[in-house]
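Colleague: Sequence:
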Amino acid sequence: MKYPLFILIISFVTTSYAQTYQYVPIPTSNAEWKAQNPVDYQSGHGSPAGYVCYSWKYSFLGRDTIIGTDTLHNIRAVYYYDNDCKDVTFNTIREGAKIAGTVWMMERDKKIYLTKTLPLDTSITVPYLDFNLSYVGERLPSPWVTDTVISIDTVPINGQLRRRIVILTHHNILTTWGLVDTLIEGIGSTRFGLGFDELYNPGADYQNRCKLYCFSANGQAEYVRDNSACMDVWPTGVEDFTAYLQPSLNPNPFNDKLAVNLLGRATIRVYNLLGVSVYSGTFSCKQEAVVNTTDWRSGLYIVIIEHNGISSTQKMVKL
Numbered sequence: 001m002k003y004p005l006f007i008l009i010i011s012f013v014t015t016s017y018a019q020t021y022q023y024v025p026i027p028t029s030n031a032e033w034k035a036q037n038p039v040d041y042q043s044g045h046g047s048p049a050g051y052v053c054y055s056w057k058y059s060f061l062g063r064d065t066i067i068g069t070d071t072l073h074n075i076r077a078v079y080y081y082d083n084d085c086k087d088v089t090f091n092t093i094r095e096g097a098k099i100a101g102t103v104w105m106m107e108r109d110k111k112i113y114l115t116k117t118l119p120l121d122t123s124i125t126v127p128y129l130d131f132n133l134s135y136v137g138e139r140l141p142s143p144w145v146t147d148t149v150i151s152i153d154t155v156p157i158n159g160q161l162r163r164r165i166v167i168l169t170h171h172n173i174l175t176t177w178g179l180v181d182t183l184i185e186g187i188g189s190t191r192f193g194l195g196f197d198e199l200y201n202p203g204a205d206y207q208n209r210c211k212l213y214c215f216s217a218n219g220q221a222e223y224v225r226d227n228s229a230c231m232d233v234w235p236t237g238v239e240d241f242t243a244y245l246q247p248s249l250n251p252n253p254f255n256d257k258l259a260v261n262l263l264g265r266a267t268i269r270v271y272n273l274l275g276v277s278v279y280s281g282t283f284s285c286k287q288e289a290v291v292n293t294t295d296w297r298s299g300l301y302i303v304i305i306e307h308n309g310i311s312s313t314q315k316m317v318k319l
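Note that my numbering numbers the sequence shown so that position 48 is 48, with each residue one more than the last.
Be aware that one or more of the hints could be misleading.
The calculated DSS-like cross-link candidates involving lysine-lysine, where the alpha carbons are at most 27 Å apart (straight line), are [claimed, not checked]:
hint : residue 1 : residue 2
1    : 110       : 98
2    : 318       : 257
3    : 111       : 257
4    : 257       : 315
5    : 116       : 257
6    : 98        : 257
7    : 110       : 257
If you are wondering where the hints come from, they were derived from the structure by calculation, not from laboratory data.
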């Protein structure tokens with residue numbers, strides 16, 4: 001396993017109904033990972049150090065190749081950077097965005113392999129992720145880090161139980177590293193998904209600060225650190241919220257107002273297609289909240305309702 005790992009705290013909503021666990025593989029199409037990492041830089045001789053943030057977006061190209069009995073899936077890595085480390089919107093089109101290259105991904109026996117070149121020889125290639133980890137204390141040394149499993153459990157995501165593995169990582173060269181990361185089946189690392197950028201910058205120090213902001217599959221978000229990072233994939237959140245929150249929005253399409261029937265205290269946030277916030281309001285009790293939309297332009301809007309840490313998202317059209 002050749003990835004650096006990091007601290008992450010995240011809450012999952014458990015359900016009261018019975019679920020059967022079954023291994024969930026990494027998607028092989030219609031999926032996106034969006035991550036961001038700050039990189040140290042020196043602005044000039046004698047000048048104070050600062051950061052520039054690289055934002056990465058990975059998506060499948062739909063070009064698969066079969067070698068023997070294995071299918072390898074081609075993924076494109078696109079990046080852009082922000083000088084003040086404040087941009088986490090990850091819009092589909094970004095001025096200055098560059099293609100870092102493409103990588104090939106293959107999963108075999110719950111192990112995830114990545115390579116920049118073909119063919120892929122699994123007899124000498126170390127798997128990037130391994131979901132066969134089975135007990136606390138299990139260790140996996142690699143060229144850059146030594147990983148130790150500290151907990152294993154399952155969490156519900158969009159109606160499926162997923163295995164969650166928490167790992168403590170010590171960097172073999174940068175001894176200041178003593179970090180924790182969480183791996184989730186069907187997603188990858190909760191810091192950077194599959195961490196494709198390490199193929200271009202192996203062992204880089206900055207990766208201990210990397211964060212996964214959004215992962216989506218088949219148009220549905222399965223991991224969300226920041227909703228604005230998911231605006232072009234219609235976020236729903238990590239939780240399986242259907243049984244907990246079913247607000248109604250009407251009418252759809254709407255004109256000069258939008259009514260939301262709430263079940264209790266909730267926050268309503270509305271974004272346009274560019275990910276720009278056009279409304280945010282909090283309501284303290286069960287009621288019909290009316291939002292004045294007279295000044296909004298015609299088009300598609302994303303309405304996000306948050307209640308007790310659970311998010312519900314709906315697309316609405318203004319005439």
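Colleague: Each hint: holds or not?
Modeller: Now for the hints, and whether the structure bears them out:
1. Between residue 110 and residue 98, the direct Cα distance comes to roughly 32 Å. Violation of the 27 Å bound is thereby established for this hinted pair.
2. Using a Cα cut-off of 27 Å, the hinted pair residue 318 and residue 257 holds, with the two alpha carbons roughly 9 Å apart.
3. Between residue 111 and residue 257 the alpha-carbon distance is near 51 Å, which puts this suggested pair outside the 27 Å criterion.
4. For the suggested pair residue 257 and residue 315, the alpha carbons sit about 15 Å apart, so the restraint of at most 27 Å is met.
5. Taking the CA atoms of residue 116 and residue 257, the gap is near 51 Å; set against the 27 Å cutoff, the hint is violated.
6. Straight-line distance between C-alpha atoms of residue 98 and residue 257 comes to about 41 Å, which puts the hinted pair past the 27 Å bound.
7. Straight-line distance between C-alpha atoms of residue 110 and residue 257 comes to about 50 Å, which puts the hinted pair past the 27 Å bound.
Violated hints for the displayed structure, listed by number in ascending order: 1, 3, 5, 6 and 7.
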